[in-house]
Structures are given as structure tokens and as C-alpha cells.
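**Student:** The opening residue of the sequence shown carries number 1 in the numbering used here; numbering runs sequentially from there.
Some clues are possibly wrong.
Stated by the list, open to error - What follows is a list of derived Cβ distance ranges for each label pair:
| no. | residue 1 | residue 2 | range |
| --- | --- | --- | --- |
| 1 | E70 | Y262 | 14 to 24 Å |
| 2 | G68 | K114 | 46 to 56 Å |
| 3 | K234 | D76 | 20 to 30 Å |
| 4 | P305 | G68 | 22 to 32 Å |
| 5 | I310 | E233 | 33 to 43 Å |
| 6 | S151 | K302 | 32 to 42 Å |
| 7 | K201 | G287 | 17 to 27 Å |
| 8 | A177 | D76 | 37 to 47 Å |
Calculated from the structure, these hints are not laboratory results.
Virtual Cβ for every residue (Gly too), placed ideally from N, Cα, C.
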Amino acid sequence: MERIISKWRPLLILLATFMFYFPSVIFSQNKLGENTFGFTYSYRGYNLKSLNPGFFDIDAEEINKKYGDENSKWIDINGLKVHYKDEGEGPVILLLHGTLSSLHTWDAWVNALKDHYRIIRLDIPGFGLTGPANFEFNEKNLGKFFYDFISAMRIDHFSVAGSSLGGYMAWKFAVYAPQHIDNLVLVAPAGYPQDLPGALKWYTVPVIDWFATQITPRWIFELSIDSLYGDKEKLTEKVVDRYYELLLRDGNRTSAREIMEYLDSRKNEYPLQIASIKTPTLIMWGGKDVWVPTNFVKKWVKDMPHAKLIIYKGVGHLPAEEIPIKSAKDLHDFLS
1 MERIISKWRP LLILLATFMF YFPSVIFSQN KLGENTFGFT YSYRGYNLKS LNPGFFDIDA
61 EEINKKYGDE NSKWIDINGL KVHYKDEGEG PVILLLHGTL SSLHTWDAWV NALKDHYRII
121 RLDIPGFGLT GPANFEFNEK NLGKFFYDFI SAMRIDHFSV AGSSLGGYMA WKFAVYAPQH
181 IDNLVLVAPA GYPQDLPGAL KWYTVPVIDW FATQITPRWI FELSIDSLYG DKEKLTEKVV
241 DRYYELLLRD GNRTSAREIM EYLDSRKNEY PLQIASIKTP TLIMWGGKDV WVPTNFVKKW
301 VKDMPHAKLI IYKGVGHLPA EEIPIKSAKD LHDFLS
């Protein structure tokens with residue numbers, strides 16, 4: 001398949017141009033309402049080489065300048081330069097973001113909670129400013145990465161909170177290293193058998209998966225991101241820009257394909273380990289979540305009867321972004 005794609009690459013690119021570029025020209029506009037016509041443009045003085053159809057990756061250095069800040073730190077974990085932030089003082093909370101996301105998804109939570117806790121969050125390998133992992137994405141390698149990360153951070157006891165894919169990683173943490181975990185917080189966690197949600201499934205379809213690593217039309221991407229929120233009015237253009245541009249960071253689209261292929265290969269495995277978790281647990285879920293629908297809630301409640309459950313009416317897949325003040329207060333109340 002790779003040989004065929006390589007041979008016909010010029011023609012495929014040309015066809016993709018007609019399929020994706022012209023709709024992008026028609027529907028994609030910049031913040032000033034001016035059509036960008038796919039040319040490089042300036043956004044608040046920041047020049048991007050990414051075009052509306054998403055033909056090009058964005059250089060990692062450019063991404064770091066825009067999305068890093070004074071709190072950004074870097075740590076070497078087995079040769080991988082990992083982007084993280086370490087803010088506040090008090091009991092430690094480790095925050096793990098979800099698919100196609102980054103540590104920025106927790107910004108509002110950190111602002112609300114850093115006076116009470118020391119909050120550590122990172123861009124998980126394959127995402128955000130960290131970029132592609134230097135290891136194959138699988139459970140064993142992820143486990144080693146996180147163990148090495150907490151060892152390097154010199155944290156022994158902490159609460160861990162994860163959203164979506166980050167929730168999957170969080171409960172795996174509680175299974176394999178319960179001696180380190182004081183509390184477990186799961187926000188619409190992945191875990192039980194489920195097809196990949198939304199546009200993520202395209203990363204696993206032959207040929208289309210290759211296109212997904214080469215071309216990312218913004219107008220199509222926006223449709224996918226829009227489905228994350230229950231209240232669409234709360235999804236700002238700035239947030240869409242962040243998700244889109246971080247996906248276009250050098251290597252992140254290829255990483256997304258590799259990660260989705262791994263997750264798809266495990267989608268029918270029933271997680272018997274969940275029932276073994278005894279750690280105090282809070283489960284948060286948006287009532288309008290279409291990525292991990294609330295019909296999965298009953299499975300979690302059945303296997304974790306000790307867990308506290310909060311369902312937010314009208315909220316989508318990302319309570320920490322959509323209702324940060326309310327969900328942060330609920331987290332604080334639980335930990336207190």
C-alpha cells in the first residue's frame with residue numbers, strides 16, 4: 001500500500017487539492033472575516049506557514065513560541081524532550097489530557113485550583129508541544145514513560161485526573177501503581193469497548209489514513225472540534241486555533257494515526273481491571289457527550305460502585321473547558 005501511495009503521490013495530492021482546498025477557500029475565514037484563500041497569513045502578528053487546507057506541518061519552534069509561556073518547562077525522559085508545567089503548592093495533582101489535546105485544556109482548572117494544590121500537567125507524547133514519542137505507543141511503553149516521568153519529578157503520592165484518553169491512562173495508573181495514587185478523577189474516560197469517536201476513525205481507514213496525515217482542512221476539523229462542546233457558543237475561535245495548530249505541529253498528525261491505530265486494535269477488549277480499583281474515585285461526565293456517550297456510565301458505576309458520579313446536564317465531552325469553575329469546585333470538594 002505504501003508503495004502504491006508513493007507512486008501515485010503527485011496525483012493524489014492534486015485530487016486532494018480539488019476535494020479539500022476549494023471548499024476550504026469558500027468556508028474558511030480568518031478572525032477579521034477576510035478570506036485567507038489558503039495563503040500564509042498573519043494572526044495577531046504571528047506568521048504561520050499552515051494553509052487552510054492544512055497541507056503543511058508547523059515548525060516545532062514556531063509552535064513553542066506561540067503556545068509556550070513563562071510557566072512552560074522541559075524535562076528529558078529517556079531522550080524525549082517533554083513539555084510540562086508545575087504550578088501551585090500543596091497536595092499534588094497530575095493532570096492528563098485527551099486525544100488531539102494538550103496541557104492547555106486544563107488552563108482554567110489550574111487557575112482555579114493552584115492556590116490549594118501543586119498541579120503538574122504535561123503534553124503527553126504524540127501531542128502538544130512535546131510532539132512525537134520516541135517509542136511505540138502501547139500500554140507497556142506508556143507505563144514506563146509515566147513511571148519515569150513521576151520519578152524524574154520526584155513525586156511519590158499524588159491524585160491523578162484524566163480526560164478521555166487521559167482518563168484511560170489515569171485508571172491504568174491506579175491499576176498498576178496504586179501505591180502512588182491517593183485519588184482518581186476520571187472525566188469522560190475511555191475504557192470500555194467502543195469504536196473510535198468522530199473523525200478519529202478516519203485515521204484507521206486504509207488510504208484515507210494517509211490523507212489524514214497530509215491534509216487537514218480547517219473547515220472539516222472545525223466540525224469535529226465543534227462536537228466536543230455541548231454549548232457551541234462556548235467554543236471560541238481561539239480554542240479551535242489551538243487544537244488545529246497543535247495538530248499541525250511537526251509530526252503530530254503522523255503520531256495521531258499511530259495512536260488511533262493502536263486504540264482501534266484494542267477497542268473490543270473488556271477492561272476487567274477496572275473492577276479491581278479501590279482508590280477513591282470521582283467520575284465526571286457531560287450529559288451531551290457524543291464522543292464517549294453517557295450510556296457508558298452504567299458500566300463504570302457497576303464496576304466501581306464506590307465511585308462518586310457527577311453528570312453535567314447540557315455539557316459535552318470537556319467539562320474542564322466548558323464549565324471550568326463548576327467542575328473545578330467539584331474536584332476541590334472531592335479532594336477535600
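**Student:** Does each hint fit the structure? Answer for all of them.
**Tutor:** Going through the hints against the structure:
1. Between E70 and Y262, the C-beta spacing of about 35 Å breaks the proposed range 14 to 24 Å.
2. Between G68 and K114 the beta carbons are some 18 Å apart, a value that contradicts the proposed interval 46 to 56 Å.
3. Hint check: K234 to D76, Cβ distance near 37 Å, so the stated range 20 to 30 Å is violated.
4. For P305 and G68, the hinted distance range of 22 to 32 Å is not satisfied, since their beta carbons lie about 43 Å from each other.
5. Against the hinted window of 33 to 43 Å, the Cβ-Cβ separation of I310 and E233 comes to about 22 Å, which falls outside the hint.
6. Hint check: S151 to K302, Cβ distance near 35 Å, so the stated range 32 to 42 Å holds.
7. Look at K201 against G287: about 23 Å separates their beta carbons, and that is inside 17 to 27 Å.
8. Between A177 and D76 the Cβ separation comes to about 22 Å, which falls outside the hinted range of 37 to 47 Å.
In summary, the structure is inconsistent with hints 1, 2, 3, 4, 5 and 8 from the numbered list given earlier, while agreeing with the others.
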